[in-house]
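So you can see what is in the structure, the chains are spelled out below.
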Amino acid sequence: DTAVSQTPKYLVTQMGNDKSIKCEQNLGHDTMYWYKQDSKKFLKIMFSYNNKELIINETVPNRFSPKSPDKAHLNLHINSLELGDSAVYFCASSWDGNQPQHFGDGTRLSIL
Amino acid sequence: GEDVEQSLFLSVREGDSSVINCTYTDSSSTYLYWYKQEPGAGLQLLTYIFSNMDMKQDQRLTVLLNKKDKHLSLRIADTQTGDSAIYFCAERESGGYNKLIFGAGTRLAVHP
Chain V
1 DTAVSQTPKY LVTQMGNDKS IKCEQNLGHD TMYWYKQDSK KFLKIMFSYN NKELIINETV
61 PNRFSPKSPD KAHLNLHINS LELGDSAVYF CASSWDGNQP QHFGDGTRLS IL
Chain H
1 GEDVEQSLFL SVREGDSSVI NCTYTDSSST YLYWYKQEPG AGLQLLTYIF SNMDMKQDQR
61 LTVLLNKKDK HLSLRIADTQ TGDSAIYFCA ERESGGYNKL IFGAGTRLAV HP
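Chains as they are written, first to last, in this note's numbering: chain V, 1 to 112; chain H, 1 to 112.
It should be emphasised that the hints constitute simulated quantities derived from the structure, not laboratory data.
Please read these numbers as outputs of a predicted model, since none were measured by experiment.
It cannot be assumed that every hint is accurate.
[Said to hold, decoys possible] Interface residues of chain V toward chain H, partial, derived using beta-carbon atoms under 8 Å:
no., residue
1, 39
2, 41
3, 43
4, 45
5, 47
6, 56
7, 100
8, 101
9, 102
[Claimed, not checked] As a list, the in silico DSS-like pairs of lysine-lysine whose alpha-carbon atoms are at most 25 Å apart:
no., chain 1, residue 1, chain 2, residue 2
10, V, 41, H, 99
11, V, 36, V, 9
12, V, 44, H, 70
13, V, 67, H, 99
The beta-carbon is built from N, C-alpha and C at its ideal position, and this holds for glycine as well.
Next up, chain V with everything else stripped away, as it sits in the complex (with noise of 0.2 Å):
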């Protein structure tokens, strides 16, 4: 059974498009986060949720917007898709503040 599982694995798209990734933990997790891994592979914070509640938000355009419908699924949502969006995404999620996270297997977002 996967942990933490993030749909799709990849995404191909043109710019200007709307998006969205899902992420789901079957871990009991309370805290749930997105990061962005660059083609160099450097992986930047983006958002985190606890219970439901956004505490982490780091400066990313506002374009992107996650949403928690509970505290199992945090899902990124992406308009006016740009070029430089173009990198993999990772879901995570761990018990607090305290505990280690585990992470997706990445959706891989291409722009064309």
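Given chain V, put chain H in place with the hints provided.
The following block gives chain H in isolation, referenced to the frame of chain V:
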């Protein structure tokens, strides 16, 4: 802001030990982590160490922490070809909501 630095490449012979080094800047950081990323895959939590510890061993992995120098290392004994991957060091930012600051990753290549 906080920063984590790692050397980018390491090449070792199969059967030798590998040592991957990392330096960090947040002296109040409570947890430090090592993650492994294989090609095309997500991040796998390898091990982590609490800041009041100097060493942690887990099978072939040994983590050493020098708080005074803010230096963390990961030693892999008897390195195998399956250990070839990118290894990320991360520190948990103090005072935050489990915000991880990642290094750029060390690409480990194991050759016969």
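Which numbered hints are broken by the structure, listed smallest first?
Hint check: 1, 5 fail, others pass.
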